[in-house]
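Taken in sequence, the protein lines are chains A and B.
So in my numbering the end of the first sequence lands on 253, straight run, no missing numbers.
So in my numbering the end of the second sequence lands on 308, straight run, no missing numbers.
Hints were generated in silico from the structure; no laboratory data involved.
Hints should not be assumed to be uniformly reliable.
To be verified - For lysine to aspartate or glutamate, the following DMTMM-like pairs were computed, each having C-alpha atoms within a straight-line distance of at most 25 angstroms:
hint: 1; chain 1: A; residue 1: 84; chain 2: B; residue 2: 202
hint: 2; chain 1: A; residue 1: 162; chain 2: B; residue 2: 15
hint: 3; chain 1: B; residue 1: 218; chain 2: B; residue 2: 202
hint: 4; chain 1: B; residue 1: 181; chain 2: B; residue 2: 27
hint: 5; chain 1: A; residue 1: 162; chain 2: B; residue 2: 126
hint: 6; chain 1: A; residue 1: 84; chain 2: B; residue 2: 90
hint: 7; chain 1: A; residue 1: 84; chain 2: B; residue 2: 134
hint: 8; chain 1: A; residue 1: 246; chain 2: B; residue 2: 15
hint: 9; chain 1: A; residue 1: 246; chain 2: B; residue 2: 134
hint: 10; chain 1: A; residue 1: 246; chain 2: B; residue 2: 72
hint: 11; chain 1: B; residue 1: 171; chain 2: B; residue 2: 86
hint: 12; chain 1: A; residue 1: 84; chain 2: B; residue 2: 126
hint: 13; chain 1: B; residue 1: 131; chain 2: B; residue 2: 172
hint: 14; chain 1: B; residue 1: 121; chain 2: B; residue 2: 134
hint: 15; chain 1: B; residue 1: 121; chain 2: B; residue 2: 111
hint: 16; chain 1: A; residue 1: 84; chain 2: B; residue 2: 27
hint: 17; chain 1: B; residue 1: 63; chain 2: B; residue 2: 90
hint: 18; chain 1: A; residue 1: 162; chain 2: B; residue 2: 172
Quick caveat, the model's predicted, so the values are computed rather than measured.
Chain residues, written in single-letter form:
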Amino acid sequence: MNFQAVRSIYSFEMARFFRTLSQSLISPVLSTSLYFIVFGAAIGSRIDEIDGVSYGAFIVPGLIMLSVLTQSISNASFGIYFPKFLGSIYELHTAPVSFIEIVLGYVGAAATKSALIGLVILGTAEFFVDFEILHWGAMLAFLALTCISFSLFGFIIGVWSKNFEQLQMVPLLVITPLVFLGGSFYSISMLPPFWQTVTLFNPVVYLISGFRWAFYGTADINIGISLMMIAVFMLICLAIIGWTFKTGYKIKT
Amino acid sequence: MAAILSVQNLSKQYDGGFQALKNVNLDIDEGEILALLGPNGAGKTTLISIICGLVNPSSGTAKVGGFDVVGDYRQARSLIGLVPQEIALEPFQTVMDALRFTRGLFGKRNDPALLKSILEKLSLWDKKDAKTMELSGGMKRRVLIAKALCHEPRVLFLDEPTAGVDVELRKEMWDVVRQLKQDGVTIILTTHYIEEAEAIADRVGVIRSGELLLVEEKETLMQRMGQRQLRVELMQPLDGIPEALGHYDLDYDAETQALVYSYEANGERTGIASLFADLSKAGIILRDIETKQSSLEDIFVGLVEDKA
Ligand SMILES: Nc1ncnc2c1ncn2[C@@H]1O[C@H](COP(=O)(O)OP(=O)(O)O)[C@@H](O)[C@H]1O
Ligand SMILES: [Mg+2]
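So here's chain B without its partners, still in its complex pose (with noise of 0.2 angstroms):
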């Protein structure tokens, strides 16, 4: 499938000196869900506002639909809607509105019906006529989608969806953005949350300090992140690991009196079970437990010592 995204070696620097992107280079294909993940000041942001007109890049090239976003703006950012990080809207307008300014500025007649359509996705038909300083936080972040969709883009980009957004309205953003990519349309979104990205990505970007590190398909690089961790404190010291449990992946910490165990959280056996059997039959006394999902951090750092 043909890119309907190509990004060539951009780099941003700001006034102050702070380089915020180094030489990122990133292709999206037409239809796919993309999850750019990354703790905050990654440059997650940085990078979807240079390619929606936001900010200026330093060096390097952004082309949406083969038209680079500075030299041809007008027809790139006519296939680009953009659903801002921070909530942003005119407090006295009506939702309504709000879509017929929007629909306005990118140049196209209002399209009663489809602007209907647009509202009914979102479950927001019946506040059509409310101020948007009416609305709750949710509703609000669903108008800026809203917005972002009434001049019919073919690339979404959603900066932090759900963020501060509580488990209810997380799941319902994961829907909308579900329904829209069966709508044909490409998604492109930040996030911190490993699990969100997990939840809707197709692939997955990871984004630290202004270096994209990767961009791989969600399943090879959640087989990668799916490391788990048990740790078993015991209750007396052990002088090494039995020969009896030669078999396991474990350490063991003598420090803490622990044996760590990893194992894919994905995998179709965990084998803990089995674990817990030998270590009986072995006739160690286990005084605690506790498992331990590898943290976004851990995997930065892997993913540092894999690349050097």
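Chain A on its own, in the form it takes in the complex (with noise of 0.2 angstroms):
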């Protein structure tokens, strides 16, 4: 294992993000601050309670997973896919490093980067609303796996796509309905039991839900199916992973 190159890979990328660290981190703090102004004071001053949780600290777990999970595909995606479009690749491909190697220097520095992402704007919420985190631990575990998983997802991405619109595809088309669809503003229990149904077949429903109970300690769907669905999202992108570095897959000819 060439854990200098994980290293060397990992610091650049961080780089990246800290050389740009006001872009970084600003974009994703406004606008989770407008959501909170918006939906937190203003419209959820005149909804109930939750669940015995206010409307305004209902929403903080969900919004926290709309910026994470974009943030992790966004970082994942861009980074592995912009050596790709300026050539710089070759590097990866001629020095003594596997694919495991490449994946965990961008996938690890993705994750990073969206987890102090949703710190931050953990942070940022305390300015808005009072909540308190009932579950410290099993947030963080949360806000992980979260990262990792959907970094990974994020690599993918990065590495199928062939141009910049399919880049932003996927996040655009995909994750961002998903979250909007997933609990981030209401509990799947409010809407009808048809629409309910549905919900299920949706994978962010678990994410926030079991964030949600790390925070309140009340969810929609039991924690452990929770963790289990997010466990087997994870295994799903490292097969697929796994499938892309033994066939060379659009990275190799």
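With the hints in hand, could you dock these two chains into one complex?
Structure follows, in structure tokens:
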């Protein structure tokens, strides 16, 4: 195992993040603040408590997830796509590194970045609403698992994308709707029974529900099932990456 | 001397079905400079891309320092540095960061003294903190060379190091290559300029349409390639070559009324002066003269005919 190479990729990617720190942080923090003002303060004051939690506090976990998911995907996909676009990816192929080290470096860095962004948003939320976190350990574990699995997913998108449009398509067309319809702003139990069933096919529902359980101890879905679903998603991503590696698909001729 | 690079029966068929390399065999000794000479599309980049790990071979093997480039890729790649044909650098990275990144990829700890000496050798030390996008084309290429050297490879591949580079820079690049050879690095470079192969190589491999036609000591090959032709257009037509000129290697082209004289450009005596003297003695009046070096294409044709 070439750990030095993993470190090299990781710190290079983190350097890019810190070089553009204001950009990297301002946009997610700003948009989240706007959500808090609009949904939390303005509209939320007219909405009843959900499961004993004020509406402003209720949407905190969902909003963090919204940013963390999109950031994980865009960071990881961009991280591997950009060298492909520039041609500088030749270095990865000609160095004594395996695909595993490449994945560890890029996915590790992308997951770290989005976890940092998630924590910064959590801090921002403190300014707008009062809330307590019941299970800190579970909250951090959920955050880490989500960052890692969606960074893996982003890495796959980056490897497969042929141009910038494809790179942005998945986050835009798939992730945003799934997150909005995944219970960020409402409890699943508020939906009519038919839509409750449909919602169960949305993987993000399990993430948000589990994450919210870590905050407030209440959840739409059993926490064990939530954990299992995210583990399954991570395994699927790992399997796709393993297969991509084996066939060299879209990476080598 | 032992071969540091050994290529056996190497072939490559791209996904579209195109056969880019056909059963290539090649051994390279440690410490030599080998030029792979061939026109665009010959398969030069494909060959070195396979050795460096960028392209998977369809069949055959390549070994560097005894390590198979596919099976023992870690050991093999540790010995190799590649300077690619196209300039590809992270635009916002500084020169020094770029070197540190590459050295890390090769599993080596940062070594400031070594990186400094490499940058100095390539006249880049004063640019160490410049972003790569701020550099000129020639400097960018030197950064690529510095990156390729920063893990102390024993074999360096340079893919068309002087394509699209002006004369000044080309000379500079050749000096760099010679210096590297003195440091004991084995160098394989590709080019489509005969003069380049002539200027710096110890041996030359000629490649066309995916076939390595031959690999020869430069001197031997240059003699073969050194054929020049002198065309002498005449005022009056001739019936044939006059007896007095019989001992020259002459052809007569009746259509253009020209005598064509072939000679060795590298020979001690070209015989041109005495030819002119004999022409005037024979009373033949000249209208125009022209000399022509055999082109790469002529040489290929010659080589293919020789092989047949
Ligand atoms: N990825 C690829 N897919 C299909 N054909 C390719 C690919 N890369 C190169 N070729 C073809 O293989 C031939 C050799 O290319 P290359 O090795 O780049 O030649 P050279 O470096 O000598 O100019 C060319 O005809 C080129 O079009
Ligand atoms: Mg080429």
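Quick rundown of the hints versus the structure:
Between residue 84 (chain A) and residue 202 (chain B) the alpha-carbon distance is near 35 angstroms, which puts this suggested pair outside the 25 angstroms criterion. Under the criterion of a C-alpha separation no larger than 25 angstroms, the hint pairing residue 162 (chain A) with residue 15 (chain B) is consistent with the structure, at around 17 angstroms. Straight-line distance between C-alpha atoms of residue 218 (chain B) and residue 202 (chain B) comes to about 6 angstroms, which keeps the hinted pair within the 25 angstroms bound. Of the pairs offered as hints, the one joining residue 181 (chain B) and residue 27 (chain B) holds, with about 18 angstroms between alpha carbons and a cut-off of 25 angstroms not exceeded.
A C-alpha spacing of about 38 angstroms is found between residue 162 (chain A) and residue 126 (chain B), which places the hinted pair above 25 angstroms, so the restraint is violated. Taken as a hint, the residue 84 (chain A) and residue 90 (chain B) pair is honoured in the structure, with Cα atoms around 11 angstroms apart against an allowance of 25 angstroms. For a cut-off of 25 angstroms, the pair hint linking residue 84 (chain A) to residue 134 (chain B) stands: about 21 angstroms separates their Cα positions. Under the criterion of a C-alpha separation no larger than 25 angstroms, the hint pairing residue 246 (chain A) with residue 15 (chain B) is consistent with the structure, at around 17 angstroms.
With a C-alpha separation of about 39 angstroms, the suggested pairing of residue 246 (chain A) with residue 134 (chain B) is violated against the 25 angstroms cut-off. A threshold of 25 angstroms between alpha carbons decides the hint, and for residue 246 (chain A) with residue 72 (chain B) the separation of about 16 angstroms falls inside it, so the pair holds. In summary, the hint linking residue 171 (chain B) to residue 86 (chain B) is supported, as the alpha carbons are separated by about 20 angstroms, within the 25 angstroms threshold. Proximity of residue 84 (chain A) to residue 126 (chain B) is assessed by CA-CA distance (about 29 angstroms); at most 25 angstroms being required, the pair is judged violated.
Distance check on the hinted pair: residue 131 (chain B) and residue 172 (chain B) sit about 22 angstroms apart at the alpha-carbon level, within 25 angstroms; holds. For the hint linking residue 121 (chain B) to residue 134 (chain B), the alpha-carbon distance of about 20 angstroms falls within 25 angstroms, and the restraint holds. A distance of roughly 16 angstroms separates the Cα atoms of residue 121 (chain B) and residue 111 (chain B); the hinted pair therefore holds under the 25 angstroms criterion. For the suggested pair residue 84 (chain A) and residue 27 (chain B), the alpha carbons sit about 32 angstroms apart, so the restraint of at most 25 angstroms is broken.
Pair hint residue 63 (chain B) plus residue 90 (chain B) does not hold up; C-alpha atoms about 30 angstroms apart against a cutoff of 25 angstroms. As the CA atoms of residue 162 (chain A) and residue 172 (chain B) are separated by approximately 38 angstroms, the hinted pair breaks the 25 angstroms bound.
Violated hints, in rising order: 1, 5, 9, 12, 16, 17 and 18; the structure is consistent with all others.
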